[in-house]
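Line by line, the protein sequences are chains H and E.
This note's numbering puts the first residue of the first sequence at 1, with every later residue one more than the last.
This note's numbering puts the first residue of the second sequence at 46, with every later residue one more than the last.
Please keep in mind that the hints were generated in silico from the structure rather than gathered at the bench.
As the structure is a computational prediction, the values presented were derived from the model and not from experiment.
Note that the Cβ used here is the ideal one computed from N, Cα and C, for glycine as well.
A couple of the hints might just be wrong.
To give an idea of the chain E side of the interface with chain H (calculated C-beta under 7 Å), a few residues [unchecked claim]:
#1 K70
#2 W72
#3 I97
#4 P132
#5 L175
When the alpha-carbon atoms are kept at most 27 Å apart in a straight line, the in silico DSS-like pairs for lysine-lysine are as follows [claimed, not checked]:
#6 E/K181 / H/K31
#7 E/K153 / H/K31
#8 H/K5 / E/K50
#9 E/K170 / E/K146
#10 H/K21 / H/K6
#11 E/K70 / H/K22
#12 E/K50 / E/K146
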Amino acid sequence: MLVTKKAPDFTGMAFHQGKYKKVSLEDYRGKWVVLCFYPGDFTFV
Amino acid sequence: MSYDKLQALNVEVLSVSTDSVHSHKIWNETELSKMVGNDIPFPMVSDQGGTIGRLYDVYNEEAGVNVRGRFLIDPEGIIQAVEVLSPPVGRNPEELLRQIKAYQHHQKTGEVMPSGWTEGGTTLKPSPALTGKVWKEWNPHKH
């Protein structure tokens with residue numbers, strides 16, 4: 001169970017505003033974050 | 046748009062799928078930007094191999110993709126709320142906004158939000174005096 005636990009840190013490449021860049025969850029400390037997983041691009045929902 | 050409402054609440058968004066960043070770029074260009082009228086404003090993270098999905102227990106090994114998992118993480122890095130849906134059904138941004146407002150209100154005031162709470166609704170202040178007396182403060186048929 002993850003709720004009430006520390007969010008696992010991760011680093012990954014992201015597409016953002018026309019660029020590819022590295023994103024780390026740690027960089028968002030001090031802010032509220034919504035982390036949304038989804039099955040795949042170009043799917044319908 | 047929901048993203049503007051999230052920004053107004055000082056909430057950042059990260060989306061994650063097992064697609065490549067190149068796929069994210071093309072999806073944004075060819076479809077998403079046409080749906081929302083501008084580029085997707087938040088980072089679209091690539092999770093090829095499902096490393097991040099495994100950390101959050103939303104990676105489906107058979108299908109090789111992440112299911113719809115949504116994690117609300119507070120400024121301390123603690124996960125406050127989780128919603129996980131299987132692929133056919135999309136999420137409800139209004140419910141996410143409701144939960145964010147409730148957790149932010151709690152962190153500011155220490156008050157708690159009873160079942161069905163929406164913004165402006167009755168909140169409760171936990172104390173020994175309230176124990177056994179919640180019925181005086183809150184009635185599920187009225188709120």
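Taking the hints in turn, this is what the structure says about them:
no.	hint	result
1	K70	holds (5 Å)
2	W72	holds (4 Å)
3	I97	holds (5 Å)
4	P132	holds (5 Å)
5	L175	violated (23 Å)
6	E/K181 / H/K31	violated (36 Å)
7	E/K153 / H/K31	holds (14 Å)
8	H/K5 / E/K50	holds (26 Å)
9	E/K170 / E/K146	holds (17 Å)
10	H/K21 / H/K6	holds (24 Å)
11	E/K70 / H/K22	holds (15 Å)
12	E/K50 / E/K146	holds (11 Å)
When held up to the earlier numbered hints, the structure conflicts with 5 and 6 and fits the remainder.
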